[in-house]
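*Asks:* The primary structure of each chain is shown beneath.
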Amino acid sequence: MSATNDPKLEARILDYLKSRIPGGRDFSLANVSRIAVGWSHETWLFDLHYREDGREINTGMCLRRDPGNALLRHLSSLDEQYRVLKCLQDTALPTPKVYWFEDDLAILDMPFLVMEKVPGSCPSPWGREGRAYYQAAAERGTLPKSFTSTLATLHTLDWRAAGLEFLGVPATGPEFALREIAKWKELIALSDAAPEPILTDLIAWLEANAPSSQHVTLVHGAYRTGNLLIDDDRISAVLDWELQVLGDPMYDVAYVLSDLNREGTPLLSNLVDRDAFFRDYERETGFTIDIERCRYYNALYAMRSVAFWMSASGLYASGRSDDIRLARTAWSVPVVLERAATELGY
Amino acid sequence: MNADQLLERIATTLKRDIGPAVEGEYPKTQAFMAAVVLQKLGRELGLAAVHQAADEADTQALLDDLRVALEQSPAPAAVTAAVAGLAAARDDAALCALISALYAARAELGEQRFDALLGRVRKNLRASIDRRMVYAA
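In the order they appear, the protein sequences are chains A and B.
Residue 291 in numbering that gives the first Met the number 0 is what sits at position 292 of the first sequence, and the numbering runs on without skipping anything.
Residue 56 in numbering that gives the first Met the number 0 is what sits at position 57 of the second sequence, and the numbering runs on without skipping anything.
Since the hints were derived computationally from the structure, they do not count as laboratory data.
Hints may contain errors.
As the list claims (entries may be wrong) - Selected chain B positions facing chain A (in silico; Cβ < 7 angstroms):
(1) Leu62
(2) Asp64
(3) Val67
(4) Leu69
(5) Pro73
(6) Tyr102
(7) Ala106
(8) Phe113
(9) Arg121
(10) Ile128
(11) Arg130
(12) Val133
To be verified - Computed cross-link-like contacts, DSSO-like style, restricted to lysine-lysine with a CA-CA straight-line distance of at most 27 angstroms:
(13) B:Lys27 with B:Lys122
(14) B:Lys39 with B:Lys27
(15) B:Lys27 with A:Lys116
(16) A:Lys116 with A:Lys17
(17) A:Lys7 with B:Lys39
(18) A:Lys144 with A:Lys182
(19) A:Lys96 with A:Lys144
(20) A:Lys184 with B:Lys27
(21) A:Lys7 with A:Lys182
Note that this is a predicted model, so its numbers are computed, not measured.
C-beta atoms are modelled at their ideal positions from N, C-alpha and C, and glycine is treated no differently.
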């Protein structure tokens, strides 16, 4: 782990943590690093050491700061992430325990939340090493089962009892899909991107063909390897709570089935055998996977991806972000549009 | 050395020499991404003139075909206006307006004619995206 090269920030984080743990003393931070994951918020990992009631306490923490120029801007707030994670804390779904959310800019210049650093690793599925990791895990067999089982837990948890209604409950029928389309159209409009005729075609097609949802469940919105923390060949935490909605569980299933989330392997999300996923998911949820609806949502994901990349490259182009990864996404737009054209049959 | 060749060379240096020497996960990723951006920009610049000429020729061919199609059988006024708009502007905004007009007039056009007109537009969209994929992929 590398140092932050920002001792002032480390000192301010430490001051904040001291204020939150009034009974503690001899505080120090170790292994502070900013990690290059996620697009919307800065993510910092560190270990906090202190003494309390004569005990030595070492605890891993994760701090996410919202620089205000986030990829999803108003569509994803740390406040909402905090509320969602709080709601999920006492459910069977493995998620990090959240400690605090602060929107007082005087503390760390930006809104931030602090949560538990859950044991485990989160190999990126995109590189050679990550692919090899997931391939080996697929052969051992435990992690793929945990992947499917955790998604089933997510889709069958009682979201009303968990208090997640604040996410907005869609009516039955096409409302869920139409709401998603409207959300991503808004982000596209905010990005000031140049007009894209294939995108216009895609949106018109999606609006004309919005399917009816049969079930309303919690939907993660980006359920794949890379957004799941793994410990001892099991999912130790579902991460990346930025796109969650209440809606059609097939939206997540479509994401799992998508070619976008695997590279050079027939394994879903570089990890799970397709037949095994169908069998285990349907058995554990009682839902039947609807391939036609998944195809539709796959096209909707293309629209969402274009919205992301337009927003991302727009943030860099306008000077609101210096993250060069965002500049690179300008060339992701045509790649996704090409896939969309194929989805639409041309 | 052309601009695209220069960018390619800088990208190689960034990727081969500078990136590996950078410490820290975040700045190392930034160095690598900078190389990727320069490489893609170089390729796009190198093909810009050829692609622009192909786009212009495709737009003219589309307009010729649409004129014939509309002469054979009148279309809703909004579609005719959108075709005229494309003829005047010859840009992506006008092409988007034409696509929107076709979808809006779908019932009036009937499925067969809608499919034929949209299919003709899509032929251009496919050719254009294939060109962009040469440098974007």
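*Asks:* Could you tell me which of the numbered hints above are not met by this structure, giving the numbers in increasing order?
*Replies:* Numbers 1, 2, 3, 4, 5, 7, 8, 11, 12, 13, 17, 18, 20 and 21 - these are the hints that the structure violates, sorted from lowest upward.
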